[in-house]
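K.L.:
So the chains spell out like this:
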Amino acid sequence: MSQLNGNNILIALSDSMAAAVEKAGAATVLVDGRRRLPSSGIAFTSDLILTANHTLEREEDIPVILPDGTQLAAQLAGRDPGSDLAVLRLGKPSAAAAERVSGDARIGQLALALGRPSPEGIQASLGVVSAIGGPLRAGRGGLLERYIRTDAIPYPGFSGGPLVDSAGRVLGMNTSGLVRGASLAIPVGLAWQIAESLAEHGSVRRGYLGVRSQPVELPSVQQQALGRQQETGLLLVGVERGSPAEAGGLMVGDILTGIAGAPVGDPDELLARLVGDLVGKPTPVEVLRGGQLATVTVTIGERK
Amino acid sequence: MMYPDPDLSDSISAALAAVFGRARRSLVVVHNGRFGAGAGVVWRAGGVIVTNYHVIHRGRPRLTLLAGGRREFPARVIAEAPEIDLALLQAERPADYASDFPPAPVADSHGLRVGQIALAIGHPWGQLGAVSVGVICGISRVPVRGPRGSVDVIRSDVRLAPGNSGGPLMNASGGVIGINTMIVGGDLGIAIPSHVVEHFVEESLGEMLRV
Chain A
1 MSQLNGNNIL IALSDSMAAA VEKAGAATVL VDGRRRLPSS GIAFTSDLIL TANHTLEREE
61 DIPVILPDGT QLAAQLAGRD PGSDLAVLRL GKPSAAAAER VSGDARIGQL ALALGRPSPE
121 GIQASLGVVS AIGGPLRAGR GGLLERYIRT DAIPYPGFSG GPLVDSAGRV LGMNTSGLVR
181 GASLAIPVGL AWQIAESLAE HGSVRRGYLG VRSQPVELPS VQQQALGRQQ ETGLLLVGVE
241 RGSPAEAGGL MVGDILTGIA GAPVGDPDEL LARLVGDLVG KPTPVEVLRG GQLATVTVTI
301 GERK
Chain B
1 MMYPDPDLSD SISAALAAVF GRARRSLVVV HNGRFGAGAG VVWRAGGVIV TNYHVIHRGR
61 PRLTLLAGGR REFPARVIAE APEIDLALLQ AERPADYASD FPPAPVADSH GLRVGQIALA
121 IGHPWGQLGA VSVGVICGIS RVPVRGPRGS VDVIRSDVRL APGNSGGPLM NASGGVIGIN
181 TMIVGGDLGI AIPSHVVEHF VEESLGEMLR V
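The listed protein sequences derive, respectively, from chains A and B.
With our numbering applied, the first sequence corresponds to residues 1 to 304, in that order.
With our numbering applied, the second sequence corresponds to residues 1 to 211, in that order.
Honestly, the hints are just simulated from the structure, not real lab data.
Glycine is no exception: its CB is placed at the ideal position from the N, C-alpha and C atoms.
Accuracy of the hints is not assured; some may be wrong.
Computed footprint of chain A on chain B, listed as stretches where at least three residues anywhere in the stretch have a Cβ under 8 Å from a Cβ of chain A [said to hold, decoys possible]: (1) 8 to 17; (2) 105 to 118; (3) 134 to 141; (4) 170 to 183.
Isolated chain A, as found in the complex (with noise of 0.2 Å):
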């Protein structure tokens, strides 16, 4: 490569995208859900389209049409309005599954959106990763840990399509219905977990346990109790009855520093480590209390 000199360089840039855009362009597909113009989908297995809740308006034979041109009447298999993320079941591996990055987005990287709003063939349009932000509070108890912002134009029909780098690698899923007026990405690996759970479950288990809390600063002192640098932890102020954390043992002026070994310093870190597969299980949650450090095991329950 270090042969490339002139415009030679410009070139292959030129001609490295086009493969990126033609590789996950094979991945993507139209998604025919709603009485406007069509949205996309991405295939993330053989028989398995994501795409972007918002854009369904109905639940059943909701035709979607292949790169090759081949139409079929998908299922929907799951949905969650809380990340805008819904999964449809094509009934036959009948799509050439999307590859995802292995790492995080760089903020700076070349990003390509992709959609195929349209039969004619698939779209895109050139971008940076632009910044990386979270928790986004969604709705519906539904809290984004993280998301990509991008340049990249969302042309109309872009959600449900995905955002991927220069080697057409995908890092999420685009969508303009989290936050109005603008188009973000759902990183991929967060994208990828909630599919597999809406494939499997048909929603998104969210954990359920039963406190409210407000965050308060820990001072010096309780920080050597935890063993951490930790600036904050949430002081339960209500229990309420019956509850996973009664249950448990939890009690009004423990101070919540801790969930599965990872630490909790605010209320959106705490949803965020409510979601999925602590559901139903006995799990450590590390209390401060009376300026001592403890562990009580709480069986998380699910929120309906």
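Please build the complex by placing chain B on the supplied structure of chain A, with the hints as guidance.
P.N.:
Frame of chain A, contents of chain B only:
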């Protein structure tokens, strides 16, 4: 693999500057008095210039040579195709163009790929010779009036504004792949592909020869 190559960004910048430098030499400003201004591309030697029909359909266009000392030339409209928004101009003093203005290198616009680099140069909001970089977003076929029935158009995410009309959309080698013609929804650029332009030019010049 030699990546990451510390000189890579420099090489890309230098290549872009070279492509745009070349493109300026074949770019004109089409002034049309109170009807505004647009861009145009020297398509044939001897001062034959392509621009958009909507840039010249009213008023009396005059040309400025962007890279030619800002001299103004009267221009004559020699062909129009309103249905695909193209017009062909002849500069009134072709001798000057022959030396000052080389025709732009025209690339084949068949087989364009979504995601490939697209470069634009024009006069957005009157800023002469301003450039921007993007990619091809898609290719669609749109119905048009007249015997053509329908034509391909290039969609690009290149940032365009009034004043880009009639200017070139180029590939990474600087070859003209289309004429920037329209902006949809504020952020989608529509270009007429160069194979459609070339066909229009050939047809128009051919008819003139037969007269």
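K.L.:
Three or more residues of the stretch 170 to 183 of chain B near chain A by CB distance under 8 Å?
P.N.:
Holds, because 4 residues of the stretch 170 to 183 of chain B bring their Cβ atoms closer than 8 Å to Cβ atoms of chain A.
K.L.:
Using C-beta distances, would you say chain A covers the stretch 8 to 17 of chain B, given that this needs three or more residues below 8 Å?
P.N.:
Since 6 is at least three, the answer is holds.
K.L.:
Do three or more residues of the stretch 134 to 141 of chain B come closer than 8 Å to chain A, measuring C-beta to C-beta?
P.N.:
holds (count 8)
K.L.:
Count residues of the stretch 105 to 118 of chain B with a Cβ under 8 Å from any Cβ of chain A, then say if the count reaches three.
P.N.:
holds (count 5)
Violation of the numbered hints given earlier is absent; every hint is satisfied by the structure.
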